[in-house]
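Chains A and B are the protein sequences, given in the same order.
Per numbering that gives the first Met the number 0, numbering of the first sequence is gapless, rising by one per residue and ending at 366.
Per numbering that gives the first Met the number 0, numbering of the second sequence is gapless, rising by one per residue and ending at 308.
Just so you know, the hints here were simulated from the structure itself, not pulled from any lab data.
Since no wrong hints were added, every one of them can be taken at face value.
Restricting the straight-line Cα-Cα distance to at most 20 Å, the calculated cross-link-like pairs of lysine to any residue (SDA-like) are:
#1 A:K113 to A:E135
#2 B:K91 to A:Y25
#3 A:K154 to A:H92
#4 A:K280 to B:E85
#5 B:K123 to A:L34
#6 A:K203 to B:G40
#7 B:K91 to A:W45
#8 B:K130 to A:R202
#9 A:K203 to B:Y13
#10 B:K136 to A:L204
#11 B:K136 to A:E35
#12 B:K244 to B:H225
#13 A:K203 to B:L53
Chain residues, written in single-letter form:
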Amino acid sequence: MATIEQPPAMSGPDDAIRTNGRWSGYVNLLHMRMLELWREPEVIFWVFVFPLLLALGLGIAFRGKPPDVTPIAVVEGPKAQEVVNLLQRSPQHAGIQPNVMSASAALDGFRLGKYALVVTMDDSGVQFRYDPARPESVLARAQVDDALETAAGRKNPINTETKASSEPGARYIDFLIPGLLGMNLMNSGMWGIGFALVEMRQRKLLKRFVATPMRRSDFLLALVSSRLVLMIVEVALLLVFGMLVFHVRVEGALLSILLIGALGAVSFGGIGLLTASRAQKIESVSGLINVVMMPMWIFSGVFFSYERFPKIFLPAIRALPLTALNDALRAIILQGASLDSQLGRIAVLAVWGGVSFVLALRWFRWS
Amino acid sequence: MEVAIQCRGLRKTYDGKVEAVRGLDLTINMGECFGLLGPNGAGKTTTIEILEGLLEPTSGEVEVLGRTWQSHARELREWLGISLQETRLSEKLTVRETLQLFSSFYRHPSSVDAVLEELSLQEKADALVGKLSGGQKQRLAVATALVADPRILFLDEPTTGLDPQSRRQLWDIIRQFQKRNGTVLLTTHYMDEAERLCDRLAIIDHGQIIAAGTPAELIERLTGHHVVEFAISGQGADNGAAWAKLPGVQSVRADDGLFSLQVNEPHETIPALLAEVQKQRAQLVHLTTRQASLEDVFVQLTGRHLRED
Ligand SMILES: Nc1ncnc2c1ncn2[C@@H]1O[C@H](COP(=O)(O)OP(=O)(O)O)[C@@H](O)[C@H]1O
Ligand SMILES: [Mg+2]
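Excised from the complex, chain A in its bound form (with noise of 0.2 Å):
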């Protein structure tokens, strides 16, 4: 068999013309883009660690444990005994902790919160001081009392049982690990797209990008395709991090989830292409970014339900895009909703996105 020798193009083997394909420019520059974002440690630790760190604070602050000891204060005086054993003696025992002290100690203790209830007995009956705006001081008062009563020999006409709600789904955590997704794909879009354009622009790369042939297009969809990359890893982190750790139960399909995420992460990613199309100073974007985003961590239910606003600010609420957004990752995650049952969530989220991306095409400056 005989091998043909190509002879080289040109006068040295060094100069074999190369020819680059259609997507050199975007493999390129998505890669070059997943390199710089891999070497910034500042970039691993807010996209990465940093919702995990807050899912384990949060989680464990608010995790489902035996139910809360309420320390009260029991006034001295020929009584103060006969309180604490009718507290032991209820049924309430192991929630109350009583302790005998002062007047005066008792009342500076309750106003500095450390105890939720100060409890007076003397000849003519129980005295209670409680702060009715303090939530447990009220529940300490309707506690004891209760307890008291039932000691003393009170029956109850009907009898009640009880049981607490501590499985995994019905938590606080199963309720904020969705959230926290969707507001790290929110900061991660706003940031990784909005703020990096414009450091680019700041650094004249955007205008040095634009005296090449490289298609403009290429650019910013490796800019997106970057933002897809790390969604998926944000994702499985704290999927991965709430089930191993709090025990989260992932109802809903995995691909489901992907790509309410990929339709979040390209949607914030319009959004912080618009707040970065003109802007020419980081301190300038920085402030916009701000501005956007503060609506949506105070609204969208990220830590705690929207459904406490009042109602009339329901509908305004929804129409944000962080709000569908979570509510599209708790319904798929916790209830295991489907996609189609998710299409009213979904079409906020293409709108926002949408609309943004062609204002922003329209207005962006390279230069």
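Given chain A, work out where chain B with the ligands should sit, using these hints.
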């Protein structure tokens, strides 16, 4: 001779008020190194960025390699290598990765290794850009232009702020590119750079060309070949007229008690100068002669120095 770049009646007004370029005509030939020399704010960057197709002129026409930016932008981009006045490349990429990225944009780029070698960057190939010295960063900026395997190289103040050794290194790189039939357009505010590197140049001030030609032509046409500088004591500075009458003197400048005579034949002028000093009963306290430079041309034309710092 084939024309590489041509522009006529170029004007650029920023925000409707700053007239950065005010009617520029240029013709740059294939294979030459052409310089735009001028002080800060003269309009060099504005001009070169219009020629590079990065800025829209307010009016005027530009042709590069026989094409216009309106009709052949993509094609032109493949043929030009551009280094901007200030670009901060990504600090977290290595030198090789940066060149790899830029080369991926071109259909037929040079090999990254060949460019690394040509710019003496092989040793730094795997160093992060953030760790490079100023001279190495500037060489990398030129390398990102050369990796395009361009027909025309555009360099905006390529050596500003560099130490003398790094400047000379860059000059060598530019000359090598020119030897391979490359065309170079560069801007500078260093007159020695323009004088040594450029085949032809245009001196720009306030957005207009105030002189153009080869460095030797400009010096010859506008000043004498030599400059005689002297200072005397016991004499008012009002006597400039006496020096202008000396044989062979083309022009006289008084600068802070120091007189400069632009002359063609110092051996004719100096004896006459000494005689005149004696006649005025003054003392000569300083006397030197030197070759005239583009700096003298600029001062002659504008009454100002090229670099005011
Ligand atoms: N984007 C801009 N907006 C407004 N004025 C500008 C802008 N760029 C440059 N100028 C002004 O135009 C003039 C020429 O600037 P430039 O072309 O950068 O000069 P050079 O490169 O010779 O220093 C200067 O007065 C400068 O302040
Ligand atoms: Mg400039």
